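A.B. asks: Sequence:
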Amino acid sequence: MNYFYGTVFIEMIVGIFYIYKIGTVIKLFRKERKKIYLVLIIILVLLGGWLFYNVTLPKIKDIKYALNGKLLVYEGTAQKTYMAGWPNSFILDGKEYQYNPWEFKPVEKSRYKLYYLPTSKFVVKYEKTNKFSD
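Last residue of the sequence shown: 140 in my numbering, with the numbers rising by one and none dropped.
Wrong hints could be hidden among the right ones.
Stated by the list, open to error - FRET-style restraints, in silico, Cβ to Cβ: (1) L78 to E109: 12 to 20 Å; (2) L52 to G75: 35 to 43 Å; (3) R39 to E109: 48 to 56 Å; (4) K33 to G75: 39 to 47 Å; (5) T83 to R36: 52 to 60 Å.
To be verified - Cross-link-like lysine-lysine pairs, in silico, DSS-like; alpha carbons within 30 Å at most: (6) K134 to K111; (7) K86 to K119; (8) K111 to K67; (9) K101 to K76; (10) K101 to K111; (11) K67 to K27; (12) K86 to K115; (13) K134 to K70.
Hints in this document: simulated from the structure, not taken from any laboratory. Source: prediction; values computed, not measured. Beta carbons: idealized from backbone N, C-alpha and C, even for Gly.
With the hints as constraints, model all of the structure from the sequences given.
C.D. replies: Next up, the structure:
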């Protein structure tokens, strides 16, 4: 769970730095009034909004579930695993989940019972299973 909290903290720090940089570009635009600064501001705001909405916001919404320990459970077969690196995800029965690469290394075609956070689909706990329950 510390990995989850750490990623949320780092993403928020990067977001604050990103907003500071947008402010710097806005100051440059006010000073020199070049069109390139206006285009850069528009691109940075759109990119920052997309990243916040799709990457950081789901994790922020899951903080209350992580603190209360309210996790969803799903059992299935790992179909595809990706090389370790951002966003550390794998496919389990057609659904993509994120995981801590230091604690969990999913193997393709293995069955797992996952305990995960509902919005970000971050795996908090897992159990490797051999049974097929339908």
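A.B. asks: If a hint holds in the structure, say so; if it does not, say that too.
C.D. replies: Do the hints match the structure? See the list:
no.	hint	result
1	L78 to E109: 12 to 20 Å	holds (18 Å)
2	L52 to G75: 35 to 43 Å	holds (36 Å)
3	R39 to E109: 48 to 56 Å	holds (52 Å)
4	K33 to G75: 39 to 47 Å	holds (45 Å)
5	T83 to R36: 52 to 60 Å	holds (56 Å)
6	K134 to K111	holds (11 Å)
7	K86 to K119	holds (16 Å)
8	K111 to K67	holds (25 Å)
9	K101 to K76	holds (20 Å)
10	K101 to K111	holds (17 Å)
11	K67 to K27	holds (25 Å)
12	K86 to K115	holds (8 Å)
13	K134 to K70	holds (27 Å)
The structure meets every hint from the earlier list without exception.
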